[in-house]
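From just these sequences and the hints, can you work out the full model?
Protein chains in written order, with UniProt numbering: chain A, 1 to 454; chain B, 1 to 454.
Hints are supplied without guarantee of correctness; some may be wrong.
If several chains are the same, the list does not tell them apart, and a pair holds so long as it fits within one copy or across any two.
[Unchecked claim] Straight-line C-alpha distance at most 25 angstroms; calculated DMTMM-like pairs for lysine to aspartate or glutamate:
id	residue 1	residue 2
1	Lys69	Glu177
2	Lys123	Glu223
3	Lys123	Asp278
4	Lys69	Asp320
5	Lys245	Asp365
6	Lys432	Glu307
7	Lys322	Glu40
8	Lys69	Glu223
9	Lys322	Asp71
10	Lys245	Asp24
11	Lys245	Glu25
12	Lys442	Asp352
13	Lys105	Glu37
14	Lys123	Glu248
15	Lys123	Glu240
16	Lys335	Glu263
17	Lys442	Glu385
By construction, these hints were calculated from the structure, which means they are not laboratory data.
2 protein chains.
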Amino acid sequence: MTAKILVVDDQPINLRLMQARLRDEYFEVILATSGAEAIEICRRETVDLVLLDVMMPEMDGYEVCRRLKADPACRHIPVVLITALDDMRNRITGLEAGADDFLTKPVRDLPLFSRIRSLTRLKILSDEMRTRAETTMRVLAGNEADAVAESGTGGSVLVVVDSPAEGERLSRILRSEHTVRVHVGPVADLEAAAIEPTDLLAIDLQAESFDPLRLCSLVRSNEATRPLPILVLASDGRDETRIAKALELGANDYILRPVDRNELLARARTQVKRRRYDESLRRSLQQTIELATVDALTGLSNRRFFESHLTASIARARTDAKDLSLLIADIDHFKQINDGWGHAVGDGVLRDVAARTRDSLRACDLACRIGGEEFVVVMPDADSEAAAAIAERLRRVVADQPFPIGGEMISVTISVGFSTLIADDTDATLTKRADQALYEAKRLGRNRVVLRAA
Amino acid sequence: MTAKILVVDDQPINLRLMQARLRDEYFEVILATSGAEAIEICRRETVDLVLLDVMMPEMDGYEVCRRLKADPACRHIPVVLITALDDMRNRITGLEAGADDFLTKPVRDLPLFSRIRSLTRLKILSDEMRTRAETTMRVLAGNEADAVAESGTGGSVLVVVDSPAEGERLSRILRSEHTVRVHVGPVADLEAAAIEPTDLLAIDLQAESFDPLRLCSLVRSNEATRPLPILVLASDGRDETRIAKALELGANDYILRPVDRNELLARARTQVKRRRYDESLRRSLQQTIELATVDALTGLSNRRFFESHLTASIARARTDAKDLSLLIADIDHFKQINDGWGHAVGDGVLRDVAARTRDSLRACDLACRIGGEEFVVVMPDADSEAAAAIAERLRRVVADQPFPIGGEMISVTISVGFSTLIADDTDATLTKRADQALYEAKRLGRNRVVLRAA
Chain A
1 MTAKILVVDD QPINLRLMQA RLRDEYFEVI LATSGAEAIE ICRRETVDLV LLDVMMPEMD
61 GYEVCRRLKA DPACRHIPVV LITALDDMRN RITGLEAGAD DFLTKPVRDL PLFSRIRSLT
121 RLKILSDEMR TRAETTMRVL AGNEADAVAE SGTGGSVLVV VDSPAEGERL SRILRSEHTV
181 RVHVGPVADL EAAAIEPTDL LAIDLQAESF DPLRLCSLVR SNEATRPLPI LVLASDGRDE
241 TRIAKALELG ANDYILRPVD RNELLARART QVKRRRYDES LRRSLQQTIE LATVDALTGL
301 SNRRFFESHL TASIARARTD AKDLSLLIAD IDHFKQINDG WGHAVGDGVL RDVAARTRDS
361 LRACDLACRI GGEEFVVVMP DADSEAAAAI AERLRRVVAD QPFPIGGEMI SVTISVGFST
421 LIADDTDATL TKRADQALYE AKRLGRNRVV LRAA
Chain B
1 MTAKILVVDD QPINLRLMQA RLRDEYFEVI LATSGAEAIE ICRRETVDLV LLDVMMPEMD
61 GYEVCRRLKA DPACRHIPVV LITALDDMRN RITGLEAGAD DFLTKPVRDL PLFSRIRSLT
121 RLKILSDEMR TRAETTMRVL AGNEADAVAE SGTGGSVLVV VDSPAEGERL SRILRSEHTV
181 RVHVGPVADL EAAAIEPTDL LAIDLQAESF DPLRLCSLVR SNEATRPLPI LVLASDGRDE
241 TRIAKALELG ANDYILRPVD RNELLARART QVKRRRYDES LRRSLQQTIE LATVDALTGL
301 SNRRFFESHL TASIARARTD AKDLSLLIAD IDHFKQINDG WGHAVGDGVL RDVAARTRDS
361 LRACDLACRI GGEEFVVVMP DADSEAAAAI AERLRRVVAD QPFPIGGEMI SVTISVGFST
421 LIADDTDATL TKRADQALYE AKRLGRNRVV LRAA
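Structure (structure tokens):
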């Protein structure tokens with residue numbers, strides 16, 4: 001996939017050269033000759049990656065990187081620093097500034113393009129979710145996401161290596177900031193790794209007792225492990241094409257041996273941070289969806305969800321030529337509970353009735369609270385006989401076991417009406433019959449089930 | 001990026017051969033020897049792509065494809081049919097069955113891997129959104145999405161070619177099912193294409209007056225056009241590596257010249273369908289987010305949004321060392337309107353007040369309806385003087401212009417209280433002071449603005 005790349009360098013000749021190389025590979029290129037200009041562009045436009053020269057007058061690349069990563073509008077854009085120097089201190093400074101990687105001049109094609117492709121692919125993957133979730137997240141989750149994005153320590157790291165000694169070496173470094181598990185040899189049961197909460201997978205690319213590239217592929221091919229960041233450990237010079245392949249398969253970053261303690265920690269923090277950021281986006285989106293569809297008091301679906309669900313269920317019943325029944329239940333004399341013991345006690349009873357309802361239904365039934373003390377259940381594939389059985393079971397689980405109310409155990413009952421789908425029913429007519437049946441159940445003395453046939 | 005691929009063939013030897021080729025490229029492979037088994041696997045597991053032999057006993061590949069595409073649980077999985085025959089009729093049958101592409105035996109590496117990479121990349125891109133949105137969508141949007149996914153006609157197609165004659169040739173075919181615009185030569189202003197609602201971009205890969213690969217790259221690099229499907233027109237034999245490059249850059253499909261009418265229509269329909277499906281996912285997610293945060297009656301933000309927004313705004317004001325003011329407005333004697341003219345009229349007044357409020361605020365202010373006839377406005381960067389001016393403007397736009405109530409024009413007023421952030425404020429204390437100020441405004445005779453200093 002192609003991408004839009006911002007190249008930042010104070011030397012026009014460097015800019016032109018890099019532009020030509022990138023355009024030959026069909027990337028779209030924007031140029032900036034200073035850090036200030038680069039920041040301006042990132043705030044204004046969609047940029048997929050920044051290639052950033054470190055040595056610039058006024059504001060150097062580290063500072064530009066720091067500012068980009070501190071700005072909520074830009075922090076998701078990957079930054080690759082380009083420098084003439086390849087000493088470890090500069091590398092760490094760059095990573096600490098939030099850079100996603102480091103390339104040393106002269107920049108060769110293989111590392112350049114494999115890095116760009118890998119970083120932009122990851123960005124584009126999360127863009128959709130980010131644009132949807134970020135606004136909501138910032139308000140609904142308050143500053144939680146910001147806070148979370150600040151810290152890349154305290155993660156859970158799974159190290160997969162060839163020998164216990166190597167595992168111990170890496171673990172000793174990583175343990176200072178994370179919880180570390182070491183796995184020696186082939187990961188037979190990947191699911192186990194997925195189930196335990198893991199924030200980062202560190203894989204030895206030089207392992208021989210298993211195929212590390214195959215492991216990268218396995219992690220990326222399973223839905224459960226797909227979002228897990230992968231950091232591979234490789235050897236300078238020897239592993240260049242294997243590194244490129246690992247990045248192509250979906251590894252997020254690599255580190256070269258001999259492993260520098262500070263570099264490993266910095267790269268691990270970057271990945272753990274990103275993982276947490278992505279997770280907080282996902283959580284926020286999930287929460288938003290729940291807020292829109294779930295009744296906060298009881299955890300059942302809300303009225304809005306019920307209405308759409310009923311429409312869809314009727315359509316499906318028609319297509320599949322199956323039955324469908326609808327049940328409406330109302331707690332008898334609920335007002336007396338609320339008035340007598342207060343709302344808190346009333347709410348407790350509602351929650352309890354909801355829980356009993358949920359427990360007494362089939363997996364395919366959907367229970368909703370549609371208002372005050374009124375509940376409905378949509379029952380696909382249930383004719384009047386099956387629905388009557390479910391309704392009666394529901395009436396009993398409420399009536400048979402008293403509720404703890406104001407320190408006493410007090411009996412509560414519900415009245416239930418239900419209806420079954422007929423040929424020319426609409427949502428409204430089906431609901432209306434169930435409602436009439438409920439009314440009838442109330443009129444007949446409550447704590448009973450009534451069917452309203454067509 | 002790697003992916004999990006299901007290979008379906010009744011010949012074990014074919015299965016083994018394909019498995020070896022795919023595993024060499026680090027794809028994860030699952031095998032099935034019949035259509036029934038394949039469908040079972042797709043329903044149960046996460047599959048990223050199906051490579052499906054057409055000639056199988058019992059259920060042939062077309063039927064398997066049809067069933068997969070008819071099943072909401074599987075229809076998003078790309079299907080590539082593999083056949084010994086390459087005549088046009090089979091091709092069309094496959095496309096009509098919903099196949100995403102066709103490969104002819106013997107299947108060569110370049111078309112195989114470029115197709116797999118392109119299709120799985122597109123799938124993985126939309127997976128995240130799909131898994132979030134699909135459940136909600138199915139219920140909240142009812143069967144709209146299903147209906148939409150059924151039809152791939154009536155789309156808006158933009159054809160980009162070298163010559164008017166070629167444009168007319170393609171347009172004549174596509175016009176029978178879509179609205180077609182033809183663009184001859186370089187697309188200088190891509191934004192125009194993005195702004196007009198387009199469902200499909202058909203690009204001539206043999207064009208010489210512009211670089212078609214560059215155009216693919218441009219479309220994919222701009223956020224606005226990124227989701228647009230691209231179909232490239234190429235020449236058999238001559239363009240193989242260019243086709244692979246186009247797919248790599250993000251083209252969704254290709255068709256070979258001489259263009260067969262039915263094949264072009266079938267491929268266009270497939271892309272338009274997918275585009276609509278993706279759009280309906282996006283819309284549904286957007287709606288869900290709105291449902292969770294917007295007050296349905298007035299379109300202002302709701303109480304839940306207000307509460308999180310206030311927390312976030314206070315934190316931001318502290319970080320930036322800026323002012324923040326909070327205003328609470330309440331419609332005077334609203335109960336008389338509701339009781340006298342009914343709820344419908346009351347709702348009309350609420351909507352009208354909300355609209356006037358929105359119009360009288362600065363862009364950075366956020367107005368919310370937090371209950372019955374009560375509104376709040378969060379005003380970042382506003383000290384007590386600025387907030388007083390905004391509050392007074394708001395009071396006036398309500399009081400100065402009477403409301404249409406029951407056929408008459410009747411004057412309505414609001415009382416407004418506001419407070420300004422001080423050092424040790426919490427959400428609760430800031431809100432409480434604004435509330436006390438509102439109470440004071442009511443007590444002093446209504447239709448006025450009161451500040452409650454700390």
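Hint-by-hint comparison with the structure:
1. When the C-alpha separation of Lys69 and Glu177 is checked against a cutoff of 25 angstroms, the pair qualifies only within one copy, where the shortest distance is 21 angstroms, while the shortest distance between copies is 48 angstroms.
2. Taking CA atoms no more than 25 angstroms apart as the test, Lys123 paired with Glu223 passes in both settings, with 18 angstroms inside one copy and 12 angstroms between copies.
3. Proximity of Lys123 to Asp278 under the C-alpha cut-off of 25 angstroms is found in both arrangements, the shortest distances being 11 angstroms within a copy and 19 angstroms between copies.
4. For the homomeric pair Lys69 and Asp320, the shortest alpha-carbon distance between copies (17 angstroms) is at most 25 angstroms, but the shortest distance inside one copy (53 angstroms) is not.
5. Taking CA atoms no more than 25 angstroms apart as the test, Lys245 paired with Asp365 passes in neither setting, with 48 angstroms inside one copy and 50 angstroms between copies.
6. Taking identical chains as interchangeable, the C-alpha atoms of Lys432 and Glu307 lie at most 25 angstroms apart only when both belong to the same chain, with a minimum of 13 angstroms there against 37 angstroms between chains.
7. For the identical chains of this complex, Lys322 and Glu40 are inter-copy neighbours only, at 22 angstroms across copies versus 60 angstroms inside a copy, given an alpha-carbon limit of 25 angstroms.
8. Taking the closest pair of Cα atoms, Lys69 and Glu223 come within 25 angstroms of each other only across two copies (21 angstroms); inside a single copy the shortest separation is 29 angstroms, beyond that limit.
9. For the homomeric pair Lys322 and Asp71, the shortest alpha-carbon distance between copies (17 angstroms) is at most 25 angstroms, but the shortest distance inside one copy (55 angstroms) is not.
10. For the identical chains of this complex, Lys245 and Asp24 are neighbours both inside a copy (21 angstroms) and across copies (12 angstroms), given an alpha-carbon limit of 25 angstroms.
11. For the identical chains of this complex, Lys245 and Glu25 are neighbours both inside a copy (18 angstroms) and across copies (10 angstroms), given an alpha-carbon limit of 25 angstroms.
12. Taking the shortest alpha-carbon separations for Lys442 and Asp352, only the intra-copy value of 21 angstroms comes in at or below 25 angstroms, while the best inter-copy value is 41 angstroms.
13. Proximity of Lys105 to Glu37 under the C-alpha cut-off of 25 angstroms is restricted to the intra-copy arrangement: shortest distance 23 angstroms within a copy versus 54 angstroms between copies.
14. Within a single copy, Lys123 and Glu248 get their C-alpha atoms as close as 14 angstroms, and across copies as close as 17 angstroms, so both meet the 25 angstroms cut-off.
15. Taking the closest pair of Cα atoms, Lys123 and Glu240 come within 25 angstroms of each other only inside a single copy of the chain (23 angstroms); across copies the shortest separation is 29 angstroms, beyond that limit.
16. In the homo-oligomer, the alpha carbons of Lys335 and Glu263 never lie at most 25 angstroms apart, since the shortest distance is 66 angstroms inside one protomer and 67 angstroms across protomers.
17. In this homomeric assembly, Lys442 and Glu385 come within 25 angstroms of each other (Cα to Cα) only inside a single copy, at 21 angstroms, whereas the closest approach across copies is 59 angstroms.
Violated hints, in rising order: 5 and 16; the structure is consistent with all others.
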